[in-house]
Amino acid sequence: MIVGEQKPLEEIKELVADYERILVLGCGTCVTVCFTGGEKEVGILASSLRMATKIDGQGKVFDEDTVQRQCEWEFLDAVEQEIKEHDLILSTACGIGVQAIVERFPQARVAPAINTTFLGLPEEHGLWTERCAACGECMLHQTAGVCPIARCAKSLMNGPCGGSQDGKCEIDPEVACAWQLIYDRLKAQGRLDQMLEITPARDWSTSRDGGPRRLVRQDLRID
Amino acid sequence: MKSGSNLEKVLTEGHFAVTSEMGPPKGTSADFVRKTAEHLKHCCDAMNVTDNQTAIVRMSSLAACAILRQMDIDPVMQMVTRDRNRLAMQSDILGAVALGIRNLLCLTGDHQKFGNHPTAKNVHDLDSIQLEQMIKTMRDEGLFMSGDKISGDVPIFIGAAANPFADPFEFRVLRLAKKIKAGGDFIQTQAVFDIPRFTKWMEMVRDQGLHEQVYILAGLIPMKSAGMARYMKKYVAGLMIPDELVKRMAGASDAKEEGVNIACELIEQIRDIPGVRGIHIMAVAWEKIVPEIVERAQLLPRPIV
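Listed in order, the protein sequences are those of chains A and B. Residues 1 to 223 in our numbering are what the first sequence lists, from first letter to last. Residues 1 to 305 in our numbering are what the second sequence lists, from first letter to last.
Please note: incorrect hints may appear among the correct ones.
[Said to hold, decoys possible] To spell it out: a stretch of chain B is covered by chain A in this simulated footprint if at least three of its residues, at any positions, have a beta carbon under 8 angstroms from a beta carbon of chain A; those stretches are:
{"id": "1", "stretch": "66 to 77"}
{"id": "2", "stretch": "129 to 140"}
{"id": "3", "stretch": "180 to 193"}
{"id": "4", "stretch": "214 to 220"}
[Claimed, not checked] Quick list of in silico lysine-lysine cross-link-like pairs, DSSO-like style, CA-CA up to 27 angstroms:
{"id": "5", "chain 1": "A", "residue 1": "7", "chain 2": "B", "residue 2": "233"}
{"id": "6", "chain 1": "B", "residue 1": "178", "chain 2": "A", "residue 2": "187"}
{"id": "7", "chain 1": "B", "residue 1": "224", "chain 2": "B", "residue 2": "256"}
{"id": "8", "chain 1": "B", "residue 1": "200", "chain 2": "B", "residue 2": "234"}
{"id": "9", "chain 1": "B", "residue 1": "234", "chain 2": "B", "residue 2": "113"}
{"id": "10", "chain 1": "A", "residue 1": "168", "chain 2": "B", "residue 2": "26"}
{"id": "11", "chain 1": "B", "residue 1": "113", "chain 2": "A", "residue 2": "168"}
{"id": "12", "chain 1": "B", "residue 1": "288", "chain 2": "A", "residue 2": "168"}
{"id": "13", "chain 1": "B", "residue 1": "41", "chain 2": "B", "residue 2": "2"}
{"id": "14", "chain 1": "B", "residue 1": "26", "chain 2": "B", "residue 2": "41"}
{"id": "15", "chain 1": "B", "residue 1": "178", "chain 2": "A", "residue 2": "168"}
{"id": "16", "chain 1": "A", "residue 1": "168", "chain 2": "B", "residue 2": "41"}
{"id": "17", "chain 1": "B", "residue 1": "41", "chain 2": "B", "residue 2": "288"}
{"id": "18", "chain 1": "A", "residue 1": "168", "chain 2": "B", "residue 2": "233"}
{"id": "19", "chain 1": "B", "residue 1": "256", "chain 2": "B", "residue 2": "233"}
Think of the hints as simulated: they come from the structure by calculation, not from any bench. Where a beta carbon is used, it is the ideal one built from N, C-alpha and C, also for glycine.
Pulled out of the complex, with its shape left as it was, chain A reads as follows (with noise of 0.2 angstroms):
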């Protein structure tokens, strides 16, 4: 899924200085998952702005909705009138979202109240982890099912580098080391001779480093 967090609330506030009426709109898919921006967490953030900005003295309206998803435009056709009917929309939604209103309506002023943090999984109750860079060529049948470029601080594609302690990463003690999870994966099924091989250099033009992607999937195209 899609992780993100809220900004930080002084952050939000100076976001919506300038406007009186404000439209906060969630996301009913990842961001709800996560617990970020989904209807209850869209509910307790306009409370709060509602509240932070009535003790400042200012007169705000802050009014709430949430769509089931944000980054289709066919879910924001459906709040239309809400969002011509505010100078602000302030989208709990990843920066997907956030585009997505922008480019369906170009007159809506929008501004992003989380971060968008990474792809990743929930490993335990509160902790969201990374898991995947999107780079556009999967390699995970050479790794083990551990992805070293969204996983290493480096992003190696021959680990582990000698930075690699007690099974954790150099840059922090809470960071599995990506390539000591490689390591004992392929140990414990007999195939360590897959890291013998030396991966070559990666062909990132796949990646982010290639310029904006697309995808056109001729079987689905109506002309």
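Using the hints provided, position chain B relative to the given structure of chain A.
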């Protein structure tokens, strides 16, 4: 000869090699480079120049190596994959050759988190093993990574690092084998303090016959104080310092003298391990002690080849 560097000649002729290391200044002084180099020149066969070590910005390794060449010193230019992509690395390699630099040590580099620009973007277009492969292709096939032809030769003696003290221990020798396969001609190891572990690692190296495929230089860091010993033990990932050595440093009336004693003892023990072909002394910010250590370890004068 792959490169004709002094280091390559010394190793090829079977001498026990000595390399030392200098960290370029956090500034523009060529004099600083010259003074440090002048001090180390007579007691080593080649001199490493670090590349933004611990991710702290310093004068470029390439520029400092060029200054060493003007002094007739054989530099080992360190290159980390953290700060440059394949385009920048290849162009720097061409420039290095043009300036007479013949040894290159391929490194991944410390994470930028540890340095003075922790908010920087890191590159890692290649890793250190892929960097070796790239240089080998440039040297042996005369080709850029793209397959385009290079005009002129690229005589580089390819170096790589090995850390016998990092985990997983059993994989460390296999990773060394990968580094040799990728093109490594010589290896400089992480600093050795834990002789039993290094001995064990070398045993595994010999079991695979790797000591006959690559020149291994054992790393050495002279300890200046008990505080430094404790700091390295606690904070430097991939470094193992036995408690006994920390105790000796703490109990010594003259810590610097004890540091030199320990360094000389370590060299003696390392020299007895079959397959070790030299020593790499990393006394960054304490370069002035290197001549004394090399002399006391009876490694002077350095061979003229």
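Now the hints, each set against the structure:
Using a Cβ-Cβ cut-off of 8 angstroms, 0 residues of the stretch 66 to 77 of chain B lie near chain A, which falls short of the minimum of three, so the contact claim is violated. A count of 4 residues in the stretch 129 to 140 of chain B with a Cβ less than 8 angstroms from any Cβ of chain A is obtained; the coverage claim is therefore met, three being the minimum. Counting residues of the stretch 180 to 193 of chain B whose CB lies closer than 8 angstroms to any CB of chain A gives 3, so the stated coverage by that chain holds, three being the minimum. Three residues within the 8 angstroms Cβ limit are the bar, and the stretch 214 to 220 of chain B against chain A gives 0, so the coverage statement is violated.
Using a Cα cut-off of 27 angstroms, the hinted pair residue 7 of chain A and residue 233 of chain B is violated, with the two alpha carbons roughly 38 angstroms apart. Distance check on the hinted pair: residue 178 of chain B and residue 187 of chain A sit about 17 angstroms apart at the alpha-carbon level, within 27 angstroms; holds. Proximity of residue 224 of chain B to residue 256 of chain B is assessed by CA-CA distance (about 5 angstroms); at most 27 angstroms being required, the pair is judged to hold. A threshold of 27 angstroms between alpha carbons decides the hint, and for residue 200 of chain B with residue 234 of chain B the separation of about 23 angstroms falls inside it, so the pair holds.
Under the criterion of a C-alpha separation no larger than 27 angstroms, the hint pairing residue 234 of chain B with residue 113 of chain B is consistent with the structure, at around 17 angstroms. The straight-line distance between the Cα atoms of residue 168 of chain A and residue 26 of chain B is roughly 31 angstroms, outside the 27 angstroms bound, and the hint therefore fails. For the given pair, residue 113 of chain B sits about 15 angstroms from residue 168 of chain A by alpha-carbon distance, which is consistent with the 27 angstroms threshold. Distance hint between residue 288 of chain B and residue 168 of chain A is unfulfilled; the C-alpha atoms sit about 36 angstroms from each other, more than 27 angstroms.
With a C-alpha separation of about 23 angstroms, the suggested pairing of residue 41 of chain B with residue 2 of chain B holds against the 27 angstroms cut-off. For the hint linking residue 26 of chain B to residue 41 of chain B, the alpha-carbon distance of about 21 angstroms falls within 27 angstroms, and the restraint holds. Simply put, residue 178 of chain B and residue 168 of chain A have alpha-carbon atoms about 22 angstroms apart, close enough for the 27 angstroms limit, and the pair holds. Taken as a hint, the residue 168 of chain A and residue 41 of chain B pair is broken in the structure, with Cα atoms around 39 angstroms apart against an allowance of 27 angstroms.
About 11 angstroms separates the Cα atoms of residue 41 of chain B and residue 288 of chain B, which keeps this hinted pair within 27 angstroms; it holds. Between residue 168 of chain A and residue 233 of chain B, the direct Cα distance comes to roughly 16 angstroms. Compliance with the 27 angstroms bound is thereby established for this hinted pair. Proximity of residue 256 of chain B to residue 233 of chain B is assessed by CA-CA distance (about 18 angstroms); at most 27 angstroms being required, the pair is judged to hold.
Checked against the numbered hints above, the structure breaks hints 1, 4, 5, 10, 12, 16 and satisfies the rest.
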